[in-house]
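Chains as they are written, first to last, in full-length UniProt numbering: chain A, 1 to 132; chain B, 1 to 248.
Hint data in this document are derived by calculation from the structure and do not stem from the laboratory. The structure displayed is predicted, hence computed values, not measured ones. One thing to keep in mind: the hints can contain errors.
Far from chain A by the CB rule (all over 10 Å, computed), these chain B residues [unchecked claim]:
#, residue
1, P141
2, T210
3, D224
Under the rule of at most 30 Å between Cα atoms (straight-line distance), these lysine-lysine pairs were calculated in the DSBU-like manner [as the list claims (entries may be wrong)]:
#, chain 1, residue 1, chain 2, residue 2
4, B, K233, B, K221
5, A, K13, A, K83
6, B, K221, B, K195
7, A, K18, B, K221
8, B, K195, B, K130
9, B, K7, B, K47
10, B, K233, B, K47
11, B, K195, B, K233
12, B, K233, B, K115
13, A, K18, A, K83
14, B, K195, B, K115
15, A, K91, B, K195
16, B, K115, B, K221
17, A, K13, B, K115
18, A, K13, B, K47
19, A, K83, B, K233
20, B, K127, A, K83
21, B, K221, A, K91
22, B, K233, A, K18
23, A, K91, B, K7
24, A, K91, A, K13
25, A, K91, B, K115
26, A, K18, A, K91
27, A, K91, B, K130
Each residue gets a CB set at the ideal place from its N, CA and C atoms; glycine is no exception.
Chain residues, written in single-letter form:
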Amino acid sequence: MNESRPYRRPAPKDWWAKAPYRAYTVREMSGLAVAGYGAVLFAGLYSLSQGPESWAAYVRFLQSPVSLLLHAALLAAVLYHVKTWFQILPKTMPKLILGRAPVAQRTITRVATIFAGACSLALVLITLGVAR
Amino acid sequence: MPDPAKKTIELRILRYQPGVDAAPSFGTFEVAGAENMSVLEALQTIKDTLDGSLSFRWSCRMAVCGSCGMMINGEPKLACSTFLRDLPPGPVTVEPLNNFPIERDLVISVGGFVKKIESIYPYIMPKEPKTVEQGPYRQTPAQLAAYESFSDCINCMLCYAACPQFGENPDFIGPGAMALLQRYNGDSRDAGRQKRLDTIHGENGVWSCTAVGICSEVCPKSVDPANAVNQNKTNSAFDFFLRFLRKE
Ligand code: SF4
Ligand code: FES
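Make a model of the complete structure from these sequences and hints.
Below is the structure:
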């Protein structure tokens, strides 16, 4: 008897919550922190357009413990996002051939991360210099 | 000291017999002297000595044919290159590859995958065909390196079993077929890039992928199919915008 009656197992709906997929889920969620930072900056721009009182209130908010806590959490999440973003970077580009062999993905990640870190540091230093 | 050759290991195997079982269920087997066996050898021992009806695919026993992919303790693995001694103590769970319809026991339907492979023109399409007298198509080591890892794919489909997006959308072209696509699109002797790109736009093409990346982690041949899929998102996007400028 040659009967083909393929059985389809239902795909679990909670795959994203389980190992090894959990790391992917955390990585994607940390992207929300980038949006969070954007929202904070945007709120600042908006209050600036609303006049000095509104701006002062925004600055007061920034100095509040709640805001400091929020920024610490956002910073941690954004740093994690940056780290994983550069880990994926080599997956999104064609193989980089140097001489006869492809450059190792770890090397690409490392060089790009260091470059981005250096740019960020330069930006901070320039901003501090301008502020002074 | 107990004789390791006499060690008995328990295997829990997901069984399904079409036309008889309404749904798959686990069967348990004790395999004696299994300490140094691969999971495939243990399955063969079961088939030879305990239950001749157990069905599974295999051929080469040396991780080159890609037939023996299955879920071993929940992870997609080649049964012939997974050794019982390397697994944690206790019963070993063996199931057919995730995300595929089960034909019988550990045998899954591969028809969909074969169709996907056919759809991407899995052969070199030279710009100008050469005659034998004109000699071979030459390639430098650097040109070879540009696609070589993608040519290592053995079509084992472990990457599909690891891909949650393929689980959600069985029509998604998926990692293995994309690795093969890149194997040809990256080949300096090939001129079929455009034809292949035309097959991978849209939801069933590269765009079902959300860069989960586990496909590359489970690949037994370090093919890195995630790289093949994700670099072609860029290619697909460029192609979408540049097609207006292209003159055919
Ligand atoms: S890319 Fe790797 S895991 Fe996927 S089919 Fe090919 S060899 Fe198997
Ligand atoms: S039997 Fe060929 S890959 Fe395992």
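Do the hints match the structure? See the list:
Remark: the non-interface label on P141 of chain B conflicts with the geometry, its nearest Cβ contact in chain A lying 4 Å away (cut-off 10 Å). Its beta-carbon lying about 8 Å from the closest one in chain A, T210 of chain B breaks the requirement of being farther than 10 Å from that chain. With a closest Cβ-Cβ approach of about 8 Å to chain A, D224 of chain B is found to fall inside the 10 Å limit, against its non-interface label. Using a Cα cut-off of 30 Å, the hinted pair K233 of chain B and K221 of chain B holds, with the two alpha carbons roughly 23 Å apart.
In summary, the hint linking K13 of chain A to K83 of chain A is supported, as the alpha carbons are separated by about 28 Å, within the 30 Å threshold. A threshold of 30 Å between alpha carbons decides the hint, and for K221 of chain B with K195 of chain B the separation of about 27 Å falls inside it, so the pair holds. About 25 Å separates the Cα atoms of K18 of chain A and K221 of chain B, which keeps this hinted pair within 30 Å; it holds. Note on K195 of chain B and K130 of chain B: the hinted pairing holds, with a Cα-Cα distance of about 20 Å set against a maximum of 30 Å.
The suggested pairing of K7 of chain B with K47 of chain B holds, with an alpha-carbon distance near 19 Å, which does not exceed 30 Å. For the suggested pair K233 of chain B and K47 of chain B, the alpha carbons sit about 45 Å apart, so the restraint of at most 30 Å is broken. For a cut-off of 30 Å, the pair hint linking K195 of chain B to K233 of chain B stands: about 15 Å separates their Cα positions. As the CA atoms of K233 of chain B and K115 of chain B are separated by approximately 21 Å, the hinted pair is consistent with the 30 Å bound.
This hinted pair checks out: K18 of chain A and K83 of chain A have alpha carbons roughly 21 Å apart, not beyond 30 Å. A C-alpha spacing of about 16 Å is found between K195 of chain B and K115 of chain B, which places the hinted pair at or below 30 Å, so the restraint holds. Restraint check: the Cα-Cα separation between K91 of chain A and K195 of chain B comes to about 23 Å, which is no more than 30 Å; the hinted pair holds. Pair hint K115 of chain B plus K221 of chain B holds up; C-alpha atoms about 22 Å apart against a cutoff of 30 Å.
Taking the CA atoms of K13 of chain A and K115 of chain B, the gap is near 27 Å; set against the 30 Å cutoff, the hint holds. Straight-line distance between C-alpha atoms of K13 of chain A and K47 of chain B comes to about 34 Å, which puts the hinted pair past the 30 Å bound. Among the hinted pairs, K83 of chain A with K233 of chain B is consistent with the structure: their alpha-carbon atoms are about 21 Å apart, no more than 30 Å. Proposed proximity of K127 of chain B and K83 of chain A is contradicted: the alpha carbons are some 42 Å apart, above 30 Å.
Our distance criterion of 30 Å between C-alpha atoms is met by K221 of chain B and K91 of chain A, whose separation comes to about 16 Å. A C-alpha spacing of about 27 Å is found between K233 of chain B and K18 of chain A, which places the hinted pair at or below 30 Å, so the restraint holds. At most 30 Å may separate the alpha-carbon atoms for a hinted pair to count; K91 of chain A and K7 of chain B exceed this at roughly 43 Å. In summary, the hint linking K91 of chain A to K13 of chain A is supported, as the alpha carbons are separated by about 26 Å, within the 30 Å threshold.
Distance check on the hinted pair: K91 of chain A and K115 of chain B sit about 26 Å apart at the alpha-carbon level, within 30 Å; holds. Restraint check for K18 of chain A and K91 of chain A: satisfied, since their Cα atoms lie roughly 23 Å apart, inside the 30 Å limit. Distance restraint check for K91 of chain A and K130 of chain B: the Cα-Cα separation of roughly 35 Å exceeds the 30 Å cut-off, and the hinted pair is therefore not satisfied.
Going down the numbered hints, you'll see the structure goes against 1, 2, 3, 10, 18, 20, 23 and 27, while the others check out.
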